[in-house]
Every structure is written in C-alpha cells, then in structure tokens.
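Place chain A with the ligands on chain V using the hints.
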Amino acid sequence: MSESENIVLNVSGVNKTFGGLQALSDINLKIKEGETHAIIGPNGAGKSTMLNVCVGRLVPDSGSVMFGDVPLTGKTPYEINQVGVARVFQTPEIFPELTLLQNVIVPALAKRDGNFKFNAFKPLSAEKELIEEAEHVLEDLGLEDQRHDISASMSRGDKRRLELAMCLIQHPKLLLLDEPTAGMARHDTNRTIEILKRIKSRGMTKVIIEHDMHVVFSLADHISVLAQGAIIADGKPDDVRGNPKVQEAYLGGAHL
Amino acid sequence: MSIQSARKDLILMVVFIAAVLTMPIWLAPVGASYPDLLQKFAIFGIFAIGFNILFGLTGYLSFGHAAFLGVGSYAAVWSFKLLTMNVIPAIIFGTVLAGIFAVLIGFVSLRRSGIYFSILTLAFAQMSYNMAYSVLTPVTNGETGLQLEQSDPRIFDAAATGSGLPSTELFGMKMSGYPGFYFCAVLLILAFFVSLRIFRSPFGMKLAAIKSNQVRMSYTGFNTRPYLLVAFVISGMYAGLAGSLLAATDPLAGAERMQWTASGEVVLMTILGGLGTLIGPLLGAGLIKYFENIFSAYNEQVLHEIFSFLPQFMENFMVFIVNPFVGEGWHLTLGALFMIIVIFLPGGIMEGFAKIAAWFKKRGNKSDDDDAAAPAKAQTSEG
Ligand SMILES: Nc1ncnc2c1ncn2[C@@H]1O[C@H](COP(=O)(O)OP(=O)(O)O)[C@@H](O)[C@H]1O
Ligand SMILES: [Mg+2]
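Those sequence lines, one after another, are chains V and A. Numbering that gives the first Met the number 0 puts the first sequence at residues 0 to 255. Numbering that gives the first Met the number 0 puts the second sequence at residues 0 to 382.
Here chain V stands alone, though its shape is the one from the complex (with noise of 0.2 Å):
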C-alpha cells in the first residue's frame, strides 16, 4: 500500500494508566513524512505522557508505537534517538555546565559515533567540521554571539532554542516539540515560529504539542485534539477549528 509507505510514525491502540488515572485511553494516530502534527488539548491531557511514550520514557500498557517499519515500544531512550527520533522537552533538558557551543557538539557527536565510541586519541579541537557544523547550527537559531556563553546562564526562551538546535544538528527523521514556546515572550514565539516554517522547508517530520493557538495554526498541517486521555478530534486546521466538541472541551477545560 503506499499511503502506509509515508507513515513515518504509526500510534496504535496505546493505553497508559498512572495508579488509577487513565492519562492515555485507546490513542491512534498516523503522522505522515513531511507533515507538522500539532497536538492540542487542555493541560493534563496526556500529550506529555503520549510523547513519553514514543521515546522510551514510558512503556505502554498496551499497543505500540511504530517509526516506519521499526517498532519503538521496549527500546531504549538511546536506540529511538539513534533511528531518528529526537525531541525538545516541556522543560528544557540542555547540558547546563557547558558553552552552547558544547551543548551542540554533542549530540553532533551521537550523531556520527553512534552510542557507544571510545574516541578519546584525536583532541576535539581537531574536528573541524564538527565545529563548524554545530556554530552553523547556532547561527541559525541566533545564538552565535553567546556560543562560548555556558548555557546555564541564558533566558529561558534561549534555553528551549539552544535544545532546539541540539535536535536539529543531528537531522532526525522525526521531531517532537513539547511545548517549544511555553513561557516565551511574544517576539521570542514569533522567532520560533520563523525557525520551524524555516525547517519545515527542509521536509522533516515534526509532532508539535502546543498550547498557543496562533502558533497551531500558523504552522500545522494536521491538529489532533487530545482530552483526558482521548483524541476526540483529528484533522485539517480548518476543519478542527470549527468542531464543536473541540470548542466544549477547551472551553470546558479552561473554565472548570
């Protein structure tokens, strides 16, 4: 079949129960090569916990997880990484002791020597290309001027870009973003918004969870609509725009 050949991710039937929370109840969903997969829904809908799900964090009750032909459900964080899979978390998750330009070099370094590689003869002052490669990657996030800062000290709307770039230098097949402009200013969240329609350009596969509406529908190509554990919408902006089930439950989830 070849509309299954440019699935890049396949979500089936997947359940995740927290003690008695259902935080995830019967999620399929199929994102295709190429496409920007927002996923929206009131805070504590399970969307965090659907991510946590693709890359190994959680195991699924039930159902599983495929990246094309790969099944991702009992690998670990590392192996989903190593066959294309990176991901900025809700909370960024950087190297804070490091120059930014560290901070990037390393996943460049996964990227090249796999997950396991005792290269310890060649100073890194040598790799060139690497270098060169990871302040290119600065460069087009912005952040070239702080590139011997250590990350520790930045904002937090340069923070989530620093771990943007630190996914992007290593061209995953897919890129999952939680909640990538969470607490940014309304400048910084255009920023990013310019550098994901910049990258979206270059026809990487991105899931985006996102609470600002603006971003969603300035970027995606499909939205699911994500409630207590269930998709209760799916579909073209346009078409979710209008579904009243989707109004009620934001509506309802925002005022209750």
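Hints are supplied without guarantee of correctness; some may be wrong.
As the list claims (entries may be wrong) - Straight line, CA to CA, 20 Å or less: simulated SDA-like cross-link-like pairs of lysine to any residue:
1. V:158 / A:213
2. V:110 / A:212
3. V:121 / A:192
4. V:116 / A:228
5. V:121 / A:195
6. V:127 / A:196
7. V:29 / V:172
8. V:121 / A:188
9. V:74 / A:225
10. V:116 / A:195
11. V:74 / A:222
12. A:210 / V:115
13. V:116 / A:102
14. V:74 / A:224
15. V:158 / A:210
16. A:173 / A:251
17. A:210 / V:118
To be clear, the hints were calculated from the coordinates, so they are not data collected in a lab.
Just chain A with the ligands now, kept in the frame of chain V:
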C-alpha cells in the same frame, strides 16, 4: 572537555614536564626534595589524576578506589616474588589486574548512581580489605603483609642470586632513591599526558556531558553505561599503577593500603586541588603528602623544643593546644584544612589561583582605566 588549541596544550605539557623533572631542585627550599617524599608526590599524583578522570569528569564519586591501589601493590610484589625484580613487568601486571578488578566492581556499582554508587564502591573496597585479612591470606600474607623472601622462585632472575634480599631494579638500576623518583616521574608525565588527551577528546566531552545531564544524554542517543564503565576502569588502572609503584619503590604490600581512609584520602586530594581541573588533583595530592610528612613527624617532645623559648607555663599550654593536631593526630589538621577549603573555596586550590589571577587582572585594568580616564577628565574640565 573544553575545546583548547593544540598549541596551548603543548606549552602546558612542556611546562609540566620541566616542573616535574626539576622537582628535586625547586622543592629543596621547603625541605621536600628527598627521594622518599618525591616518590610519594609522583605516585599519589598519579592516583589523584586517575581518580579525577572518574570523579572530575563524570561526577561519579567512588569511595573504594584504594582497593585498586591495594590490588596493584599485591600484584607487583607477586611479580617480584615469582618473575623478576625488574619493575616493568610488576607495574604492567599491577595495572592490568587492577583494571580487571575495576571491570567487575564497576559493572556492578554503575547499576546505581549518586550516593548508592558511592556506597557500593565503599562496600566492595571494605570487602576486599576484609578478605585480604581473612580468606585471601595465602595471597596477601594477612596482617604481616606480603614481602620478598630469600626462597622466592623469581624464575627470570634465577642466575643472579646473591646474599640477602634483592632490590627492585630497572635493567640494573636500583629503584630506590632518585632513580626511583625519576622512574615514577616519567610515569607521572605519561599519566598526565593521557589524562590531558582524555580531557580534550570527544570522549572526555561526552563524560562531561554525562555529568551535566544524564537524561539529556540518553535522549541524545548515547548509551551512558559503557562510557561510565570505561572511565571507571581507566581510573582503576591509574590506581593500580600507583599501587604497583608503591611496591616498586618499597617492595611490600599490606591490606591497610585498601582501607576506607585511603579511599577517602584520594577524594580529599581531588577536591582540595580542584575537582575536574587537570592540575588540581596533582596539587592536592602533593599538598596532603607534604603536610602529612611534616605534621606526622612532630610529637610532644619536638613540640616542647619548638616552644622552649616561651615561659614554662606558656610552653606547656601551647604544646597542649597543638599536640592533638600533630603526629597521629595529623588527620585532625587535614580535616580542618579540608573544611576551610570546601567552605571558602569549593573549587579548591585551582579556584584560589583563578581568583588571584582575576584580582590581578582587575587591578591591572583599573590602573589602565585611570590612566585613560585622566586626560579625558582634564579635557572636559577645560571645555
Ligand atoms: N510519571 C507520571 N506518574 C503519574 N502520573 C503522571 C505521570 N506523568 C503524567 N501523569 C499524569 O497524567 C496526566 C497527563 O499528564 P501530561 O501528559 O503531562 O499532560 P499534558 O497534556 O499537560 O502534557 C496528568 O494528570 C498527570 O498528572
Ligand atoms: Mg505537557
């Protein structure tokens, strides 16, 4: 760890080599230029440099590294007993055997991190220590310690049998006194060079990243466990080398070398000098061994002589105050010194140096600024 230019590292290496080889000269004014102490500087320097590769780079704090020191010593003495008095096989044997032990202990201990890792390494070291006194007596010679004997086979030295116990040698050169120090010094230089390469390599960068954020590391595609194990084994081998050098300069080995206080000492050396810095642990090792040498030599009688210029009651009082801090009580001094450093200079001696350098720089800049500002001020007041 950092991206340094090769040129700077070359200069660092040249200065380091010169400093180590001239230690007998520049340490003479402080009375630390005699071979026994110099050997200790070099040997414990190697121990601390290796420990820093684990603790400094990955942040994993082992409380059991003395076990590898002990294994290295025993292995070296056995090499002297069974094979030859040449120190080369002894240190190879000691280093490799410590490496094998480190693979086993590291494999189990690294299943946990943080305090649990530390406790596991401590438990392993205490187990080794107790076994050396009990079930392993045939190998370790228990409380007496492992020593050379006239009747040892020494299969490669069989032709050269003399009277009395033979001494350790390197192709005919006796490994006591200054030759012993220079042998240790060459190995220290080698050990430092390897450490420098690791710090500057992609591998070292990955270790530093593991220390910084292990979660990010795994979502970045790294299997962190083998990285940690390799770092653990390398540092274990450094400890084994140090242990075998202790035996090479003085061919006996006792279980007390594995005691937890010895494991704690290398932690102190590393933190005192500057955790995660290249030179710091070496300075820490030197400082501790130097002060140990001074303070443990004092006793009540010596103190009375020192304070004899004071009136009798003052003399007695001073001796009463100082006595608990010297001789056997030297660890009290070490403890106090350690507390002062950790509270006021958490980055150790190296942080102290950095602060002094920054202060001089600031002072330099300030006087420059004053010079530059003065004419400008004069102009504005004229205008
Ligand atoms: N590791 C966990 N253990 C227990 N409960 C969790 C865990 N992770 C998430 N939850 C719960 O699951 C629900 C969904 O959380 P989450 O996926 O983070 O929501 P969101 O859509 O806001 O990202 C929440 O009620 C949350 O408290
Ligand atoms: Mg979330």
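Broken hints, numbered, in rising order? Of the numbered hints given earlier, the structure breaks none, since each of them holds.
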